[in-house]
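For reference, the chains in residue letters:
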Amino acid sequence: MNQTVNYNQFILRKIHSLLGIIPLGMFLAVHFIANSRVIYGEGAFDQAVHFLELLPGVRLMEIFVIAIPLLFHGLMGLYIAYEARNNPKSYSYFRNWMFYLQRISGIILFAFILYHVWTVKYGDPNLSFYQILQAQMSNPFILVFYILSVTAAAFHLCNGLWGFAINWGIISGARAQAVFSKITIVLFVIFNIFWFRITFAFI
Amino acid sequence: MQTIQVKVKRQNGPQEKPFWEEFKIPYKSNLNVISLLMYIAKNPVNSKGEKTTPVVYESNCLEEVCGACSMVINGKARQACTALVDSLAQPITLEPLDKFPLVRDLFVDRTALFDALRKVKAWVDIDGTFNLGPGPKTTPKVQEKRYDLSRCMTCGVCSQVCPNYNTKTSFIGPHAVAQADLFNLHPVGGNIKEERFKALMDKGGIMECGNSQNCVRACPKEIPLTQSLAELKRQATWHSIKSLFTK
Numbered sequence: 001m002n003q004t005v006n007y008n009q010f011i012l013r014k015i016h017s018l019l020g021i022i023p024l025g026m027f028l029a030v031h032f033i034a035n036s037r038v039i040y041g042e043g044a045f046d047q048a049v050h051f052l053e054l055l056p057g058v059r060l061m062e063i064f065v066i067a068i069p070l071l072f073h074g075l076m077g078l079y080i081a082y083e084a085r086n087n088p089k090s091y092s093y094f095r096n097w098m099f100y101l102q103r104i105s106g107i108i109l110f111a112f113i114l115y116h117v118w119t120v121k122y123g124d125p126n127l128s129f130y131q132i133l134q135a136q137m138s139n140p141f142i143l144v145f146y147i148l149s150v151t152a153a154a155f156h157l158c159n160g161l162w163g164f165a166i167n168w169g170i171i172s173g174a175r176a177q178a179v180f181s182k183i184t185i186v187l188f189v190i191f192n193i194f195w196f197r198i199t200f201a202f203i
Numbered sequence: 001m002q003t004i005q006v007k008v009k010r011q012n013g014p015q016e017k018p019f020w021e022e023f024k025i026p027y028k029s030n031l032n033v034i035s036l037l038m039y040i041a042k043n044p045v046n047s048k049g050e051k052t053t054p055v056v057y058e059s060n061c062l063e064e065v066c067g068a069c070s071m072v073i074n075g076k077a078r079q080a081c082t083a084l085v086d087s088l089a090q091p092i093t094l095e096p097l098d099k100f101p102l103v104r105d106l107f108v109d110r111t112a113l114f115d116a117l118r119k120v121k122a123w124v125d126i127d128g129t130f131n132l133g134p135g136p137k138t139t140p141k142v143q144e145k146r147y148d149l150s151r152c153m154t155c156g157v158c159s160q161v162c163p164n165y166n167t168k169t170s171f172i173g174p175h176a177v178a179q180a181d182l183f184n185l186h187p188v189g190g191n192i193k194e195e196r197f198k199a200l201m202d203k204g205g206i207m208e209c210g211n212s213q214n215c216v217r218a219c220p221k222e223i224p225l226t227q228s229l230a231e232l233k234r235q236a237t238w239h240s241i242k243s244l245f246t247k
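For the protein sequence lines, the chains are A and B, in the order given. Position 21 of the first sequence, counted from 1, bears residue number 21 in the numbering used here, the numbering being contiguous throughout. Position 127 of the second sequence, counted from 1, bears residue number 127 in the numbering used here, the numbering being contiguous throughout.
Among the hints, a few may not be true.
Unchecked claim - Derived DSBU-like pairs: lysine-lysine, alpha-carbon spacing no greater than 35 Å straight-line:
#  : chain 1 : residue 1 : chain 2 : residue 2
1  : B       : K17       : A       : K89
2  : A       : K182      : B       : K28
3  : B       : K141      : A       : K89
4  : A       : K14       : B       : K221
5  : A       : K14       : B       : K141
6  : B       : K9        : A       : K182
7  : A       : K89       : B       : K242
8  : A       : K182      : B       : K42
9  : B       : K193      : A       : K89
10 : B       : K137      : A       : K89
11 : A       : K89       : B       : K221
12 : B       : K119      : A       : K121
13 : A       : K182      : B       : K17
14 : B       : K203      : A       : K14
15 : A       : K14       : B       : K121
16 : B       : K76       : A       : K14
17 : B       : K168      : A       : K182
18 : A       : K182      : B       : K99
19 : B       : K76       : A       : K89
20 : B       : K119      : A       : K14
21 : B       : K28       : A       : K14
22 : B       : K247      : A       : K89
23 : B       : K42       : B       : K242
24 : A       : K14       : B       : K7
25 : A       : K14       : B       : K42
26 : B       : K221      : B       : K119
As the list claims (entries may be wrong) - Restraint ranges, calculated between C-beta atoms of paired labels, are given here:
#  : chain 1 : residue 1 : chain 2 : residue 2 : range
27 : B       : N43       : A       : I183      : 26 to 32 Å
28 : B       : N43       : A       : L187      : 56 to 62 Å
29 : B       : N131      : A       : W97       : 53 to 59 Å
30 : A       : W97       : B       : P26       : 27 to 33 Å
31 : B       : T167      : A       : E62       : 26 to 32 Å
If you're looking for bench data, these hints aren't it; they were derived computationally from the structure. Backbone N, C-alpha and C fix where the C-beta goes; we use that ideal spot for every residue, glycine too.
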């Protein structure tokens, strides 16, 4: 039998799982916490943006903590989604639907993040982020896209947290997995309410 | 006369086109799907009254311990021997497992499942030229855990229902991971643990599991497959990290 071991898939998938939480999940949480300033109005939001822009090493962080992990996680994720032969209709178990939705939400997020970064971060330099976002969300189609993507992001993160706990063997028992599954659903609901509140503050 | 309606997805060979054939079988109580197929073999006439060939299928033990009669019954992968006609909606549809190469009708080639067991060395390595004496003792706790895992009959249902077990991937299947766990937990079998970890970290290994957890829901022997998957994901990770620092 062939003795050489090809560790590529093992390592790539472990890294994919890890990056989803550290740093991407953490970044997402910080992103929404910072943006929650918008609840207090345009001035407060601009201040928060300004504060983040002035952090030392912010450009390096953008590249190494956000852009590269995001690109890796996204591309590897698309490959994983491509590989699956989904069957939630034949086997409509809760976890099988979650498996399917994890892939669907990932694809939505890949498209959304490209759009979001392209139009906001690299959008019209004469407009503030607040002005760009407000203009985007005055269009009902883009608003629906934002709402859908925010939901997808909350779902992908919470369900991904569950997957991460298993992929790294943190939670292995059937009972523990079921309990943690319920915890991540509660987390999803909380995140979604909070993140919707922030999204609607731009309207 | 009360009849049982059966629809079988048939295919005369791997390269042939599949087609559906219907059968009407006189009702008797307490029949299973194997007895329907035996009736068709004895009397190969379809519901239109045309003479046809007997439906090809595999079966051995008829008591859900051999794993040979796995097929897709009313859309769900399971054993034909324990699929009782009285509890099935009609028409009863019978399809071959579609994750394995088809031989004919409901008969598929499950060699891949056994190749996966060979890959993870699902055995106790004791071959020698002299008597090694009795092995070390196992605790009842480990025995109980191993008993659950030892019920696997390599039927292929877990792989059939797994979204990540398909022609695009090289995933070895949930059963092989549970069997690696079974033999790692054996006091002598555990001697080649590292080799099993290597196999599980190879292409098609344990991380190609995507946690859909269909396997544990579909397993006819109620084997805690997802527990083995999570535990070996942890063990393989620690093993690889440890070997980074100690080799």
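Hint check:
1. K17/B - K89/A: holds (25 Å)
2. K182/A - K28/B: violated (46 Å)
3. K141/B - K89/A: Given that 35 Å is the threshold and the Cα spacing comes to 38 Å, the pair is violated.
4. K14/A - K221/B: With Cα atoms ~30 Å apart, K14/A and K221/B stay inside 35 Å; holds.
5. K14/A - K141/B: holds (31 Å)
6. K9/B - K182/A: violated (40 Å)
7. K89/A - K242/B: Answer violated: K89/A to K242/B is near 42 Å, above 35 Å.
8. K182/A - K42/B: Measuring from Cα to Cα gives roughly 52 Å; hence the hint is violated.
9. K193/B - K89/A: Not OK: K193/B and K89/A at ~38 Å, beyond 35 Å, violated.
10. K137/B - K89/A: violated (47 Å)
11. K89/A - K221/B: holds (23 Å)
12. K119/B - K121/A: Roughly 50 Å between the alpha carbons, so the hint for K119/B and K121/A is violated.
13. K182/A - K17/B: violated (46 Å)
14. K203/B - K14/A: holds (13 Å)
15. K14/A - K121/B: With a Cα-Cα distance of about 23 Å, the restraint between K14/A and K121/B holds, given a limit of 35 Å.
16. K76/B - K14/A: Within the cut-off at roughly 32 Å; holds.
17. K168/B - K182/A: Roughly 32 Å separates the two Cα atoms, so the pair holds.
18. K182/A - K99/B: holds (32 Å)
19. K76/B - K89/A: holds (11 Å)
20. K119/B - K14/A: holds (21 Å)
21. K28/B - K14/A: violated (54 Å)
22. K247/B - K89/A: violated (47 Å)
23. K42/B - K242/B: Violated, at about 61 Å.
24. K14/A - K7/B: The given pair, whose Cα atoms are some 44 Å apart, is violated under the 35 Å limit.
25. K14/A - K42/B: Outside the cut-off at roughly 54 Å; violated.
26. K221/B - K119/B: At roughly 22 Å apart (the allowed maximum being 35 Å), K119/B and K221/B satisfy the hint.
27. N43/B - I183/A: 26 to 32 Å: Hint violated: Cβ distance 57 Å, outside 26 to 32 Å.
28. N43/B - L187/A: 56 to 62 Å: holds (59 Å)
29. N131/B - W97/A: 53 to 59 Å: holds (55 Å)
30. W97/A - P26/B: 27 to 33 Å: violated (41 Å)
31. T167/B - E62/A: 26 to 32 Å: Violated, since T167/B and E62/A (Cβ atoms, about 40 Å apart) do not stay within the stated range.
Comparing the model with each numbered hint stated earlier shows that hints 2, 3, 6, 7, 8, 9, 10, 12, 13, 21, 22, 23, 24, 25, 27, 30 and 31 do not hold.
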